[in-house]
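Start from the sequences, fold in the hints, and give me the full structure.
In order, the protein sequences belong to chains A and B. Here the first sequence stands for residues 1 to 127, where the numbers follow the working numbering. Here the second sequence stands for residues 1 to 405, where the numbers follow the working numbering.
Careful, some of the hints might be misleading.
Below, computed lysine-lysine pairings styled on DSSO-like, alpha-carbon distance capped at 30 Å [claimed, not checked]: (1) Lys167/B <-> Lys65/B; (2) Lys380/B <-> Lys77/A; (3) Lys398/B <-> Lys21/A; (4) Lys134/B <-> Lys91/B; (5) Lys21/A <-> Lys380/B; (6) Lys22/A <-> Lys122/A; (7) Lys122/A <-> Lys398/B.
Rather than coming from a laboratory, the hints here were simulated on the basis of the structure.
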Amino acid sequence: MAYSEKVVDHFNNPRNMGSFKKEEDGVGTGIVGAPECGDVMKLQIKVQNDTIVDAKFKTFGCGSAIASSSLATEWLKGKTVEEAGKIKNTDIVQELNLPPVKIHCSVLAEDAIKAALADYQKKADSK
Amino acid sequence: MKFPIYLDNHATTPMDPRVLEAMLPYFTEKFGNAASRNHAFGWEAEEGVETARKQIAKLIHADAKEIVFTSGATESNNLALKGVVEMYHEKGDHIITSSTEHRAVLDTAKTLETKRGVKVTYLPVDKFGMVSPKDVRDAITDKTILISVMFANNEIGTINPIKEIGKIAKEKGILFHCDATQGVGKVPVDVQEMGIDLMSFSAHKIYGPKGIGALYVRKKNPRVRIAAQMDGGGHERGMRSGTLAVPLIVGFGKACELCEQEMAADAARLSVMRDRLHATITKALEEVYLNGHPTERLPHNLNISFAYVEGESLLMGCKEIALSSGSACTSATLEPSYVLRALGVGAELAHSSIRFGLGRFTLDEEVDYAAKKIIETVTKLREMSPLYEMAKEGIDLKTVQWAAH
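Written as structure tokens, this is what we have:
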């Protein structure tokens, strides 16, 4: 299968690859997927005053999964928590030109965003 | 060094230039139909075919009359299974095969189950991918008409105990078919010594042309009969109608002749190269697992899993090297390799597998480059892998509650 130029670019030059400390203030962590399914994404956001000031990812998965999560971190930075919740997998599919067999990668990225936001919210609420 | 580097010789092989040279006259000046009995064009073509038949038969220790030409090993497998079931259905309705066979055998068996009510036993394999002769013996019933076990596996390279299975088949009076597509021309295959009654193989895996294969059909002790699956002019002793593809057959013959002469030297060279590739990788990287048998395997095959790295992303990172992966993402099904799963390899490691297939034209520097590139890419992808990070933190990945999707 040929990959789109954008997928190749994200794969070769992943944006925001890395980790924050989970327990750090304002950090929300989402881990989705399963090793036996062939993809696991960890997506983290750092929130200050309701705005995502930084985001990081680590992904075990195919090139499209890596590209989807890399793109997600790019999009998350600068968005408010509410805006971040509106990112849809179809936006990722469109931006990366993902073929039908790779749509699940974008779904996983949306799930990872939602999971990170939920984790952030939970931590904020428990304070 | 020329790029991309081809290390996928289980999928297909480049044609040997000597094979092409032998074929060329049969496209133009020697274009006759081998079945034309009344003129020189036909005789010339027939002579080319009969020479090839002898070359092919010699490689597998058969008689030239026992070679039936087909379009390839898939057709040979179909013809063997369907042809035997149709011919011997009054004797019984049970066949035995193994769970790691090629799709051409497994799907043919499935078709026979659903369309002809045949009962099929799919034998399990051990952790190295080997079929146990004892399991074969235990699966035999008084209704068993065929045993079909592959010579060597196309993914993991494990070589089955064919001679022992052949002996059991002979003892019980059951026909034994062997899909030897990956074995013929790579390691010695002897249908007499191994007790094989029917055998599928093809030219393009042994530096010959695509589109031509053969089914060996034993002529005596016992005389095997199969029902033709293609109706027409009654070519190939009535077992496979269709005008013979003379240039392809000539190429197939030449390819077999070259294998007979060079197989031993090729195998010796490639196994050293393969072992060096394996050693270089395992020396540089932790948690690399060999899939398949440590010793009973094809000399040019290496199949390994790199924990915490997904196979397709690894291939993407090594795009100047042609390799294959058992990862689901390289198939349309999203299921990882059924062969690796049959060995008991966990799904996560099946997703992480890479198959190297060296060949006659593989160079030392190509293998060294591949090792270096694989090591670099695995290192990079592990840095990117949340699983590697968790494992480094001392988290047992097996105890994590994953949300399967």
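Now for the hints, and whether the structure bears them out:
As the CA atoms of Lys167/B and Lys65/B are separated by approximately 23 Å, the hinted pair is consistent with the 30 Å bound. For a cut-off of 30 Å, the pair hint linking Lys380/B to Lys77/A stands: about 24 Å separates their Cα positions. Note on Lys398/B and Lys21/A: the hinted pairing holds, with a Cα-Cα distance of about 22 Å set against a maximum of 30 Å. A C-alpha spacing of about 23 Å is found between Lys134/B and Lys91/B, which places the hinted pair at or below 30 Å, so the restraint holds.
Proximity of Lys21/A to Lys380/B is assessed by CA-CA distance (about 21 Å); at most 30 Å being required, the pair is judged to hold. Restraint check for Lys22/A and Lys122/A: satisfied, since their Cα atoms lie roughly 13 Å apart, inside the 30 Å limit. Taking the CA atoms of Lys122/A and Lys398/B, the gap is about 26 Å. The hint holds against a cut of 30 Å.
No hint from the list above goes unmet by this structure.
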